[in-house]
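Protein sequences, first through last, are from chains R and G.
Going by my numbering, the first residue of the first sequence is number 219, and it counts up by one from there.
Going by my numbering, the first residue of the second sequence is number 2, and it counts up by one from there.
None of these hints come from the bench; they were simulated from the model.
Keep in mind the model is a prediction, meaning the values are calculated, not measured.
Here a beta-carbon is modelled for each residue, glycine too, at the ideal position from N, C-alpha and C.
Please note that a few of the clues may not be correct.
[As the list claims (entries may be wrong)] Residues on chain G that point at chain R, a partial pick, calculated with CB under 7 Å:
id, residue
1, P52
2, Q54
3, F65
4, N117
5, M121
[Stated by the list, open to error] One side only, chain G facing chain R, incomplete, derived with CB under 7 Å:
id, residue
6, Q53
7, D64
8, L67
9, I69
10, V72
11, T73
12, D75
13, K94
14, I95
15, I114
16, K118
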Amino acid sequence: MEKHIESEKEVKSNKNKTYKSRNREYNRGQIQLGETTAVVIIIIIMLVLGIVFWNKMSGSNIIDIKLKSQQLQTIEMANSISELTELKCTDLGIDQVKCLDWYKIRAMSDMISKDNKTFMFYNDYFKNSKISIVKVYPEIADGDINNVTLYDVKLNNNPKSLLIPIPICICNTVDKTTSYGMIIVEGYYNG
Amino acid sequence: MVKYTEEKKRSRRNCKLGQIETFGLAFIVILISVGFFMFVSFKSKQVVDNPQQEYSDDKLPEDFVLSILKVTVDDCDKFNVKELIVDCARGRKITCGYAGVSSCEAVNKSINIMLNKTFMTAGNVRRFRFYSENLYDSNGDTLINVTYLNCTPKSRQGRTGEATIPLYPSDGDVYLKMNICH
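In isolation and in its complexed conformation, chain R is listed as follows:
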């Protein structure tokens, strides 16, 4: 009888042991599940942050690229003006380096402002910009013209603009003198 009771107790205690160890295993499983969930949440948060960051970066990049291409267009146009055959000084038929003819400049300015066909022709090249040529040195006597606006088309009332000055020399074929001057190109664009 006593033996039977003891064996029952042993069975009970064994049952208790297996139940406790099972409980421990369940607890471990919960901890691991918690860790996994935490890691997944962290990864999701990082992914979201990454996507937001990338979106912002790519957005600002597009604006930068647009601005840069507009600036490059203006620079390209500014460079082409000092190489226009219509304006260049020639000596015995040979083009001079970095030199524009003052009378050719004035003639072209007149043509663009008065003749619509000429204006339309140059509008294809110069688009929305202002191009002026200024004599800087030597000092000019009062009454003489030292500033000619070659072309001026504004995009709208409040455009952004990029100003590019290009040093050149300006020859006067009548009195055989050469002045130092600047081509000032103002490219207009929407910001």
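Here the structure of chain R is known, so what remains is to put chain G in place on it, guided by the hints.
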């Protein structure tokens, strides 16, 4: 029985240590990735690609140096800058104006005026240095050496604009050089 419980305790400790290590690793990874994001965003803001600035720094000096050579110097009997520089380097026979200013002084003054009106005026102020090589004044010092806003050879600068003036039939060349500093 005693051995069994001790082993269990050890394995539990190991388990906890493993968990702590995993969290440490995760923490370090997160720190590194956050640092990387911050570095990339900072760099992308810092490097501003500005075509206008690049153009000005590299092209303006060259254009200026080449443009001034043929300019008629004020009050100097229709001599241009190049002719006066050649005369200054060779024998100084030309004098300008009523005051009889030497070719060296006249050319120095005219270049200074042009520099002033181009790079020192409001709206277009730039740090630059303009200097000549193989061209000396009566004291044997370099004739033209203009530095504006502390632009020195050690400063970060764009491409050098350079014009070579041959002294033919004499030997040698005179160089006019210009740099714009960032």
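Checklist entry - Among all the numbered hints in the text so far, which are the ones the structure does not match? => result Numbers 2, 4, 5, 13, 14 - these are the hints that the structure violates, sorted from lowest upward.
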